[in-house]
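Chemist: The chain contents come next:
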Amino acid sequence: MALIELKQVSYRAGDQEILQDVSFAVEEGDYLTLTGPSGSGKSTTLKLIAGLISPNKGEIFYKGQNLDSLDLVQYRRQVSYCFQQPTLFDETVKDNLALPFAIRKQDFAEKRAQEALKQVDLSADYLDKKITTLSGGEKQRVALIRNLLFRPELLLLDEVTTGLDEESKQIVHQLIARVHQEGTTIVQVTHDQEELAASKQLLHMEKGGVLK
Amino acid sequence: MKAMAVSDLSLILSFALVLVPVAISWKEKLGLTRDIFYSVGRAIVQLVIVGYVLKFIMQVNNALLTLLMTLFIIFNAAWNANKRDPNPNRQLWQSIMALLIGTYITLGVLLLTQTVKLKPMQIIPITGMIAGNEMVAMGLCYKVLATGFHDQRQQVLEKIALGADVKTASMTILRRSIKTAMQPTIDSAKTVGLVNLPGMMSGLIFAGVDPVYAIKYQIMVTFMLLSATGLGAVIAGYLSYRNYFNKRSQLREEQ
Ligand SMILES: Nc1ncnc2c1ncn2[C@@H]1O[C@H](COP(=O)(O)OP(=O)(O)O)[C@@H](O)[C@H]1O
Ligand SMILES: [Mg+2]
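Chains as they are written, first to last, in this note's numbering: chain A, 19 to 230; chain B, 10 to 264.
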């Protein structure tokens with residue numbers, strides 16, 4: 019059974035048809051890359067899979083269950099979406115890393131948060147830094163570990179390396195590779211030549227969500 | 010009570026005051042003349058009607074009729090508070106609920122402590138004051154919520170995407186809205202008597218009541234308004250933030 023399956027999914031915003039009859043499946047353990055011109059509906063596809071929006075037509079299945087029948091709040095803890103331009107919230111890095119614990123009614127594990135920071139080459143004292151003092155690359159890395167403190171089943175990455183400096187990019191690549199090795203299924207959207215060249219499963223999207 | 014009487018003639022002469030804003034509007038080309046006459050006309054008509062209705066209710070002195078009058082005030086306040094909510098998915102029943110609870114709890118405490126008596130002469134103006142201030146606080150709460158969900162939309166989305174429920178994702182915005190809604194009442198409590206002589210107290214002093222006696226009422230009003238605006242803002246805030254989400258815990262599109 020596929021981990022995620024889209025069946026003839028259409029999505030409309032206002033009177034604009036963004037996706038039309040999109041169907042594809044993601045198997046457990048996959049590392050799928052979605053590419054295509056800007057505005058073709060890649061982000062919309064990921065947001066649909068993440069349960070942040072719902073299709074106007076068609077169905078999405080997670081392990082054989084229709085998303086409509088699932089508690090989406092719980093679901094999003096397993097299917098984690100990382101935004102194209104992530105925003106850190108509240109005041110400090112700690113506020114951001116504390117949320118995944120808080121929503122699971124767990125105490126904040128400072129050690130674990132520090133280790134996670136180390137995985138993206140940020141020192142432990144970043145925890146108390148104000149988010150406004152971070153560089154773009156640092157913000158993106160904090161945003162990413164926010165999604166990974168509790169390992170999701172499926173990680174949805176929306177151009178997370180776009181605009182990053184070379185160093186940040188390598189760090190992010192390493193982390194994603196490790197997460198995939200440890201069993202998380204990955205669907206990424208990218209235009210990056212290097213990432214495209216490295217990808218084994220490639221889906222090309224044209225305007226309206228036509229897949230090739 | 011003689012000090013309070015305004016003769017019909019002096020009232021008509023004081024109409025000259027209305028000509029001041031009219032002159033300003035005309036001189037500065039503000040285009041407000043029509044609006045000023047309309048609002049003055051409306052105020053006069055409303056007050057005359059209210060005067061006679063209140064006179065009638067006070068003469069009849071019937072508990073049920075008094076209750077009906079408070080419900081009428083509450084419903085009007087709720088209607089207006091709801092209208093101030095910029096969210097297209099606003100719900101009138103939430104404003105009604107917040108005003109019913111906020112007003113009747115405050116009123117209940119005042120009655121139980123025998124600060125006010127169950128007489129229309131006391132209950133009705135007090136209800137008006139409570140509901141009026143609550144209405145302003147709730148309207149403020151709704152506005153700040155709307156601004157928050159607009160300005161911090163991406164932050165809310167991030168929290169939702171991480172698996173937060175709608176309440177957790179809205180908490181920062183909700184807290185600020187409630188705080189902002191209560192702030193004016195708290196602030197005006199700090200300057201009461203020094204800067205502003207509030208209506209209740211002014212009215213009593215105007216009517217010739219000993220100022221030392223009048224302040225007792227003003228202290229009661231201060232307590233009462235803190236309670237009412239607090240309750241109104243909290244209930245309205247906690248009910249209405251959900252209107253920004255759909256049943257699938259998804260943040261609605263902005264219109
Ligand atoms: N909420 C929305 N309202 C209106 N148009 C939208 C909305 N979301 C996306 N779109 C439009 O849908 C198209 C696809 O968007 P998106 O999925 O972000 O594309 P991609 O990620 O492939 O660049 C774009 O033309 C975009 O402007
Ligand atoms: Mg995109």
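Read the hints as simulated data drawn from the structure, not as lab findings.
Glycine included, each C-beta is placed from N, C-alpha and C at the ideal position.
Errors might be hidden in some of the hints.
As the list claims (entries may be wrong) - Some chain B residues near chain A, calculated using beta-carbon distances under 7 Å:
hint, residue
1, Thr156
2, Asp160
3, Gln164
4, Ala170
5, Gly172
6, Ala173
Chemist: What hints, given by number in increasing order, does this structure fail?
Modeler: 1, 2
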